[in-house]
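Residue numbers (our numbering), protein chains in the order written: chain A, 1 to 433; chain B, 1 to 433.
Don't take every hint at face value.
Same chains, same label: a pair holds when it works inside one copy or across any pair of copies.
Claimed, not checked - Taking lysine-lysine and the DSBU-like style, the derived pairs with C-alpha atoms no more than 30 Å apart in a straight line are: (1) Lys-141 to Lys-20; (2) Lys-395 to Lys-175; (3) Lys-395 to Lys-119; (4) Lys-274 to Lys-239.
No wet-lab data here; the hints were simulated from the structure.
All values reported here derive from a predicted model rather than from experimental measurement.
Protein chains: 2
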Amino acid sequence: MGKCKIGIVGFGTVGTGIYKILRSEVDLHPILKEIEIAKIVVNDVNKKREINFENNLLIDDPNILINDPSIDVIVEVMGGIEIAKDIIMKSLKAGKSVVTANKAVIARYGSEIYETAAKQGVYVLSEAAVCGGIPIIEPLKRSLKSNHIKKMIGIINGTTNFILSKMTNEKADYKKTLELAQNLGYAEFDPTADVEGHDAADKISILSELAFGGKINRDSISTEGISQINLKDIEYANKLGFEIKLLALSERNHINKNDSLALNIWVGPSLISKSHPLATVEGVNNALLIEAHPLGEIMLYGPGAGSGPTAASVVSDILSLHANTMKNNASIDPLLSFNFWRNCHIIDSSQITKKNYLRIICIDSPGVIGKIGDVFGINDVSIESIVQLDASADKAEIVVITHEVSNGSFEKSKEEINALNEVEIIASQLSCI
Amino acid sequence: MGKCKIGIVGFGTVGTGIYKILRSEVDLHPILKEIEIAKIVVNDVNKKREINFENNLLIDDPNILINDPSIDVIVEVMGGIEIAKDIIMKSLKAGKSVVTANKAVIARYGSEIYETAAKQGVYVLSEAAVCGGIPIIEPLKRSLKSNHIKKMIGIINGTTNFILSKMTNEKADYKKTLELAQNLGYAEFDPTADVEGHDAADKISILSELAFGGKINRDSISTEGISQINLKDIEYANKLGFEIKLLALSERNHINKNDSLALNIWVGPSLISKSHPLATVEGVNNALLIEAHPLGEIMLYGPGAGSGPTAASVVSDILSLHANTMKNNASIDPLLSFNFWRNCHIIDSSQITKKNYLRIICIDSPGVIGKIGDVFGINDVSIESIVQLDASADKAEIVVITHEVSNGSFEKSKEEINALNEVEIIASQLSCI
Numbered sequence: 001m002g003k004c005k006i007g008i009v010g011f012g013t014v015g016t017g018i019y020k021i022l023r024s025e026v027d028l029h030p031i032l033k034e035i036e037i038a039k040i041v042v043n044d045v046n047k048k049r050e051i052n053f054e055n056n057l058l059i060d061d062p063n064i065l066i067n068d069p070s071i072d073v074i075v076e077v078m079g080g081i082e083i084a085k086d087i088i089m090k091s092l093k094a095g096k097s098v099v100t101a102n103k104a105v106i107a108r109y110g111s112e113i114y115e116t117a118a119k120q121g122v123y124v125l126s127e128a129a130v131c132g133g134i135p136i137i138e139p140l141k142r143s144l145k146s147n148h149i150k151k152m153i154g155i156i157n158g159t160t161n162f163i164l165s166k167m168t169n170e171k172a173d174y175k176k177t178l179e180l181a182q183n184l185g186y187a188e189f190d191p192t193a194d195v196e197g198h199d200a201a202d203k204i205s206i207l208s209e210l211a212f213g214g215k216i217n218r219d220s221i222s223t224e225g226i227s228q229i230n231l232k233d234i235e236y237a238n239k240l241g242f243e244i245k246l247l248a249l250s251e252r253n254h255i256n257k258n259d260s261l262a263l264n265i266w267v268g269p270s271l272i273s274k275s276h277p278l279a280t281v282e283g284v285n286n287a288l289l290i291e292a293h294p295l296g297e298i299m300l301y302g303p304g305a306g307s308g309p310t311a312a313s314v315v316s317d318i319l320s321l322h323a324n325t326m327k328n329n330a331s332i333d334p335l336l337s338f339n340f341w342r343n344c345h346i347i348d349s350s351q352i353t354k355k356n357y358l359r360i361i362c363i364d365s366p367g368v369i370g371k372i373g374d375v376f377g378i379n380d381v382s383i384e385s386i387v388q389l390d391a392s393a394d395k396a397e398i399v400v401i402t403h404e405v406s407n408g409s410f411e412k413s414k415e416e417i418n419a420l421n422e423v424e425i426i427a428s429q430l431s432c433i
Numbered sequence: 001m002g003k004c005k006i007g008i009v010g011f012g013t014v015g016t017g018i019y020k021i022l023r024s025e026v027d028l029h030p031i032l033k034e035i036e037i038a039k040i041v042v043n044d045v046n047k048k049r050e051i052n053f054e055n056n057l058l059i060d061d062p063n064i065l066i067n068d069p070s071i072d073v074i075v076e077v078m079g080g081i082e083i084a085k086d087i088i089m090k091s092l093k094a095g096k097s098v099v100t101a102n103k104a105v106i107a108r109y110g111s112e113i114y115e116t117a118a119k120q121g122v123y124v125l126s127e128a129a130v131c132g133g134i135p136i137i138e139p140l141k142r143s144l145k146s147n148h149i150k151k152m153i154g155i156i157n158g159t160t161n162f163i164l165s166k167m168t169n170e171k172a173d174y175k176k177t178l179e180l181a182q183n184l185g186y187a188e189f190d191p192t193a194d195v196e197g198h199d200a201a202d203k204i205s206i207l208s209e210l211a212f213g214g215k216i217n218r219d220s221i222s223t224e225g226i227s228q229i230n231l232k233d234i235e236y237a238n239k240l241g242f243e244i245k246l247l248a249l250s251e252r253n254h255i256n257k258n259d260s261l262a263l264n265i266w267v268g269p270s271l272i273s274k275s276h277p278l279a280t281v282e283g284v285n286n287a288l289l290i291e292a293h294p295l296g297e298i299m300l301y302g303p304g305a306g307s308g309p310t311a312a313s314v315v316s317d318i319l320s321l322h323a324n325t326m327k328n329n330a331s332i333d334p335l336l337s338f339n340f341w342r343n344c345h346i347i348d349s350s351q352i353t354k355k356n357y358l359r360i361i362c363i364d365s366p367g368v369i370g371k372i373g374d375v376f377g378i379n380d381v382s383i384e385s386i387v388q389l390d391a392s393a394d395k396a397e398i399v400v401i402t403h404e405v406s407n408g409s410f411e412k413s414k415e416e417i418n419a420l421n422e423v424e425i426i427a428s429q430l431s432c433i
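Make a model of the complete structure from these sequences and hints.
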């Protein structure tokens, strides 16, 4: 069998992980010996590094890789958005397949990238872009393709799950836990993308395109983070039998007149029953629950990030390309490539139906639960439970959990509740599954 | 693109499920329309059936399929062992790829079947043979191939998990629960293969060959079932923070002088901590935990059996073959095919090290815990906990949980404990992870 010569762009934690796997002496499948690292592109070839590289392995110009006809696959693990996208596009246009771990690029420029790859007869694989080491993209492209996918719910951001787990288990304050996550390297110096849900929105966008086959407008995804989560909400949720997790949800809704499939997609902090399989996902782990017909419900669980797991996914993509190009044939494997095959659109936020949790601070008067109940009743919002917790001095806190209702009716109820004389403030609102 | 013409052998629940997927009108990936059911082999073509078949779709002779050059793929879902194996072998020899859901055949005749497929340049795919609808075989062949797999632990038999879940949740008796499982169709009329662990041993044998690359001697797998499990053991395990599950474990041990990889493989009822991810797997669900380097720990969870999930896996294998043969090339995809690439052997049971649970019925005398502790100490068996439970009249029940110790030392300790004057009987022994 011939060798597969790869060029790696970027040598941070993921690049180092890839190098370690491919140069490892442990007992690995022999096919790994067929992958040869031809060049590694870094910013500064003279920088002192842990690894002693052989002569001329490091270069600083990605164009050398792109223009080298002996390179079979370009591996983009440099991060960032615009420059990385540029390198991916140039590589595809040069007729090279690309492996990338870059979720931000795929979520923003997926359709341009997939189309260019299809036109050039090459592949762009990105298993590492979603949930690190967990095989998710390949199963969606292959094993699950015989199914009608109905819904995906995931814990797909490790940073926020670490923070919420810590807050729950140790009654730790949000700000302090975020600082700890930063010190441990689980959160970045600017944590916005993680804690405000943008990273999870990138990932659910990529997964939705693969599962439902249509282009997703990434910016229409209703996205809320965890920075407003209060220890009180966690305490009350626990008391009522729930955990609070940052969830990403994507669900098939209806097919409209133009034959476009409407999708309900959102990212937000949410209560889930302690007996739900996702409730036990702790720390930086990720998990994705997929509901499909005729399959039923499956869950894929594992490490959502980290040098080793992410590198393992990148290398498995390289192996897939190697196995495929060994067939030395110009036609494209339709289970390895990705093409949009239908239209999709995201439904308007007001049409989303879901369960909700609401914490209301009000004056401790006997009629208040009834009044709140009446408002929901008038607006056709069915209630699962309404509980008064923590009455102190003249204040009371009331927690309401609704059944599945439309966002429109729920928002209207909220406005009317806010206007009640007895109600001081709606302290928090979360989703509930 | 050309059509893929398949012939299905057997039309029980799985065959019916395949037919329903391929003739479904719901919104499925368009590639499914390229699969054409050319013939279905049944015992009696005149039997009254739920489905109205078009003329001449049903036949009663599998040789017609095998000898028909227009058939691309043979799908064996008839069950049984010898006749099914014969049809698989004949199909491969006729140059046709095979998809099968038959774990018993693959576990027994895997090496003969894989070798014949390799020699003929065709594939034999069996995703549905292990854990119904959960993608496990394909991830082991593809996504996880960049890893050094260390250990797999699974709940891979739905019948026994249903029985144990029911016994735990409802304090239900083993015999009654088995009868219920039979009435619900979760257990067969002769439940031996399931309840005695043989089905789980078939599956862990197949998974071990894929994960570690060497031929496994199926009959050397130490196998114990759940028919001896007592409600008392479940009660005590729960009290101490454990669940009892029928586990299958396969673990890399050492490489011997002949370069053969020693594997520790067993099937048996086992205590697992309630906080372990496998502890939450309830009812007929299955799950497999895989520990690998550099990936870490991942878990694949879902429905372990059933017409729909199993059929979905069969159809995904058909799609893989279709995508592959579309490339119209004689070379073989090394990630889709399977060849042994190293030697493996199962280590002797006495060399297995594991944690153990022991329930001892003895005379209620003050010195007995000390005496039992002494026996373990002399034999170098380190103890995690020793608890006296349920002292009634003059009898006491003592539960011991050991640390990880060799089976040899543990068995010796057991004999000596049995010989103590105070000890009436060792009522039960289970593994513990």
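Against the structure, the hints:
1. With identical chains, the CA atoms of Lys-141 and Lys-20 are at most 30 Å apart both within one copy (28 Å) and between copies (21 Å).
2. In this homomeric assembly, Lys-395 and Lys-175 come within 30 Å of each other (Cα to Cα) only inside a single copy, at 26 Å, whereas the closest approach across copies is 56 Å.
3. Proximity of Lys-395 to Lys-119 under the C-alpha cut-off of 30 Å is found in neither arrangement, the shortest distances being 65 Å within a copy and 79 Å between copies.
4. Both within a single protomer and between protomers do Lys-274 and Lys-239 lie at most 30 Å apart by alpha-carbon distance, with minima of 11 Å and 20 Å respectively.
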